[in-house]
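Keeping the supplied structure of chain A fixed, place chain B upon it in accordance with the hints.
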Amino acid sequence: QRCLSLIKSTKFLNAYITVAEETALKQAEESEKRYKRGQPLGVLDGIPIAVKDNFNTAGIETTCASNMLKGYISPYNATVVQKLLDQGAVLLGKTNLDEFAMGSGSTDGVFGPVRNPWSYSRQYKEKSVPKSHSEDKDSNWVITGGSSGGSAAAVSSFTCFAALGSDTGGSTRNPAAHCGVVGLKPTYGLISRHGLIPLVNSMDVPGILTRCVDDAAVVLGSLAGHDPKDSTTIQDNFKPFELSDLTDVSKLSIGIPKEYHAPGLSSEILALWSKAADLFKNAGAKVIEVSLPHTRYSIVCYHVLCTAEVASNMARFDGLEYGHRSDMNKSTESMYAATRREGFNDVVRGRILSGNYFLLKQNYENYFIKAQKVRRLIANDFVKVFGSGVDILLTPTTLSDAIPYMEFIKEDNRTRSAQDDILTQAANMAGLPAINVPTALSERGLPVGLQFIGRSFQEKQLLTVAKWFEKQVKFPMIQLDEVKRHDHGVFQHQKSASFLEHRT
Amino acid sequence: SKLFSGSQVQFAAPPNSLVSFFDASLPGTLPVLNRRCVEAAVMTGLALNCSINKKSLFDRKHYFYADLPAGYQITQQRVPIAVNGSLSYSLCIDNKMSQMVTKTVRIKQIQLEQDSGKSLHDDVRSQTLVDLNRAGVGLMEVVMEPDMCCGEEAAAAVRELQLILQTLGSSQAVMAEGQLRVDANVSVHHPGEPYGVRTEVKNINSIRFLAKAVDYEIERQIEELESGGTILNETRAFDSKLGCTVPMRDKEGKQDYRFMPEPNLPPLILYNARSLPANMNHQQVVNIDWIHERLPDLPSVKRAKLVEQYGILPEHSFTLLNEAGLTEFFEDVIKQTQMKPKKVIGWILNDLLSYLKQHSLTVKESPVSSFLLADLLNRLEKKEISSTAAKQVFAELWKGEGKTPLEIVKEKKLQLIQDQEDLERICQAVIDGQENEVMAIKSGNRKVLNKLIGLVQRETQGRSNPVLVKQLLEKKLSE
Chain A
1 QRCLSLIKST KFLNAYITVA EETALKQAEE SEKRYKRGQP LGVLDGIPIA VKDNFNTAGI
61 ETTCASNMLK GYISPYNATV VQKLLDQGAV LLGKTNLDEF AMGSGSTDGV FGPVRNPWSY
121 SRQYKEKSVP KSHSEDKDSN WVITGGSSGG SAAAVSSFTC FAALGSDTGG STRNPAAHCG
181 VVGLKPTYGL ISRHGLIPLV NSMDVPGILT RCVDDAAVVL GSLAGHDPKD STTIQDNFKP
241 FELSDLTDVS KLSIGIPKEY HAPGLSSEIL ALWSKAADLF KNAGAKVIEV SLPHTRYSIV
301 CYHVLCTAEV ASNMARFDGL EYGHRSDMNK STESMYAATR REGFNDVVRG RILSGNYFLL
361 KQNYENYFIK AQKVRRLIAN DFVKVFGSGV DILLTPTTLS DAIPYMEFIK EDNRTRSAQD
421 DILTQAANMA GLPAINVPTA LSERGLPVGL QFIGRSFQEK QLLTVAKWFE KQVKFPMIQL
481 DEVKRHDHGV FQHQKSASFL EHRT
Chain B
1 SKLFSGSQVQ FAAPPNSLVS FFDASLPGTL PVLNRRCVEA AVMTGLALNC SINKKSLFDR
61 KHYFYADLPA GYQITQQRVP IAVNGSLSYS LCIDNKMSQM VTKTVRIKQI QLEQDSGKSL
121 HDDVRSQTLV DLNRAGVGLM EVVMEPDMCC GEEAAAAVRE LQLILQTLGS SQAVMAEGQL
181 RVDANVSVHH PGEPYGVRTE VKNINSIRFL AKAVDYEIER QIEELESGGT ILNETRAFDS
241 KLGCTVPMRD KEGKQDYRFM PEPNLPPLIL YNARSLPANM NHQQVVNIDW IHERLPDLPS
301 VKRAKLVEQY GILPEHSFTL LNEAGLTEFF EDVIKQTQMK PKKVIGWILN DLLSYLKQHS
361 LTVKESPVSS FLLADLLNRL EKKEISSTAA KQVFAELWKG EGKTPLEIVK EKKLQLIQDQ
421 EDLERICQAV IDGQENEVMA IKSGNRKVLN KLIGLVQRET QGRSNPVLVK QLLEKKLSE
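Top line first, the protein sequences correspond to chains A and B. Heads up, the first sequence is in full-length UniProt numbering, so the first residue is 1 and it goes up one at a time. Heads up, the second sequence is in full-length UniProt numbering, so the first residue is 1 and it goes up one at a time.
It is worth saying that the hints were derived from the structure and are not from the lab. Don't take each hint at face value.
Stated by the list, open to error - Derived DSBU-like pairs: lysine-lysine, alpha-carbon spacing no greater than 30 angstroms straight-line:
hint, chain 1, residue 1, chain 2, residue 2
1, A, Lys361, B, Lys202
2, A, Lys361, B, Lys61
3, A, Lys275, A, Lys251
4, A, Lys330, B, Lys118
Just so we're clear, the structure is a prediction, and the values are computed from it rather than from any experiment.
Okay, chain A solo, but in the shape it has when bound (with noise of 0.2 angstroms):
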């Protein structure tokens, strides 16, 4: 209850497209049922969290921000979905994202741009400067990032404890370092992708955003696993684990690939990139440099992947079977062609174009293909890396901390992706598994986090550094008066913002 009250108290935030206040409030009911009996279903039960609305919810409306799929009920829950409710967990909505989670910003759906929390947070108003009195003081609140932003900033501002996001190209974790939270990409094939609705299927993953990284290790414990209906999710058997806490790093082998110094890269997170790996370096770990030399070819390679499979992904939006359909009825061409002007914006347009320009028989050799073959390079650089005795790069997750939306959307979607995305997309190509950990503020009072990646399905070693280090920079809490305001029960809890703790 006290999550649903947060969260009309920061509407303004824009994080959540639906909440379901009714059915969560059940969920919730039922819950406490289970404890008075002294039977949770685990640990997750009675935790509130939310979903991106990309995924599938049964009886719960489902619209990737849309117009296509506006009011499209969806009778199926995503696994991933079933799985939180089957441990009891408690479903407070739907949150926001970029059109069918094409974009880095998280501005360009069609129920409007999520703010990011921190842009009301004593920290920020604090350190921004005012440009003239007359100024509209709302007109300077920063992006959350994206394409999760609604995930990102529903975890950020305390309204759940934990929220489902997508990673295609950096999706969750980019969000997750602009909102100062947990943004954990597992390996792909490790959590099922069934029900959630694709952008590039061979590079989707679901993604984990949590406060603090135990969180994020208890939510992959309940989702990870072969799933029959996801034919590429690995048969082996997955064990759920506890992080200990890691006492000696000096076993640990920490890569600092150079090319992650891009050109953009804020001096502010170059330093603080230099300063977390003397951390380590101090603590008796083994850093050095190493060198993933096709990192500058991602960027055009995922261009054509993607927008190769956008073009086939959204064939099916056709008006006929479920979601929008027009007006239009002289012809069924002329049916289809209105239905998918009105329903998608033109970010999802564009890429439809340039994915299906790409698979053109005279073009599919030298784009598709090729693009395939560099993929294989980049994902061959990781595998050298890791060979050579690597455990975990440390990397920075985005370029800067977040710019205002006024100056974000003086660029277009497209090239605010290309230049967001040059972090964290490769470990999207490779399918490893990638956290974003908060670790400091900027100057203007604003989240930052580095990145670490880590080898195929290790999430385990991945989760356990990530743990040590967020130990070491201790990221502080964000200073919302909405919350403060609000409950000074959950800001008593503001030293762990974990669940477990919260539990007892």
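Positioned in the frame of chain A, the structure of chain B alone reads:
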């Protein structure tokens, strides 16, 4: 069930009642490969002497149409499941069953793919109704090389393929229910020159129509070329009422299907005994060798066995296999009768089959069971009745009134005279009454004997065994 989803497959079910979330292309659903379909494709590939690709891939073929909900079909364009096989079939030369020749057509490949739904165009209300029951059903596309030269060959090849599929159980292959669909690609050329431009002929609904369509198209192309025209690489539809092919509504001209690998399906890996990893659960994989060992006898093998076992002619074996249930009927009769198979086959093919055809009945619907026929043939063997009489009994049995052969024989007084003395007496009487004929026979004209036999038959109302009568007459005449 369907190729990538768990929906049932059933002909003529109520519209849109067999559609899963995946079949309707609901966003977020993913394909899961049906193992049984893979096994069926492997069986068919092996039966057609193909190489089975141990690794085959799935692709998306994109086009927009109302009966294709996802906007793409999942198929195998790059690497299909089986390649490079052959199909042997037989033809009668000059329509004579007695002269059969064996021909072969090469099989280019077999690929697995999804079927689309069905569109029903309602021109009256300018609307199209879409039924997705068929969407997603597994298809095996068998691609043949252009090794056939006329409608008859095409028909015979397809007929043999149909029998093979039915024997394997990989498809019921009933054309009327759309379980077997045939598109014919036809071109003509002068001997020695390269192949001409081909047209694709669709909408062929039976094997008979296949032969007609192919022959029509060949003639049409020859006429066109000989009058100075050209052949367009187009799709034509066969109009069964008019017996000709017509250009189909040109849907979109030359289509670019923008093929792309299907990212949600890993490569299909098949194993054989050698490549099977030791620790793999055999329930989880498809083992080509295991399937090979369990292949049933193919039609050609069955036919050879019938010829060898029963001493029937090759063309008989073709007819037996061509009619559903006929071989079983034949073998059932053999089991229950002392008559030699070589004689039984005549009754099966000449009598039973022709009656069935006349009344458009299947073997299953035959009013004469194998038991009854065997009984009848036994009586014939035991010379209780003559063969003419047997035919009469058969006709009676056909009426299906529940009477046994014995009852019919008694009713119609068809039993042969068994009493030898009686017969001798009649023979003698005939001899006595035909002095001229007797003299003719004695002086060397054996043919006249037949007249005497005929007279005995008349006297006995057909109830004498002509062979026996002949023997008796000859004996008496030589005395």
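Restraint status (C-alpha distance of Lys361/A to Lys202/B at most 30 angstroms): Holds - the C-alpha atoms of Lys202/B and Lys361/A are around 25 angstroms apart, at most 30 angstroms.
Taken at face value, is the distance from the CA of Lys61/B to the CA of Lys361/A at most 30 angstroms? Holds. Lys361/A to Lys61/B sits at ~12 angstroms (cutoff 30 angstroms).
Hinted pair, alpha-carbon criterion (30 angstroms max): Lys330/A, Lys118/B. Please report holds or violated. Holds, at roughly 21 angstroms.
Against the 30 angstroms threshold, does the CA-CA distance of Lys275/A and Lys251/A hold or violate the hint? Since the Cα atoms of Lys275/A and Lys251/A sit roughly 20 angstroms apart, the hinted pair holds (cutoff 30 angstroms).
Violated hints for the displayed structure: none, as all numbered hints are satisfied.
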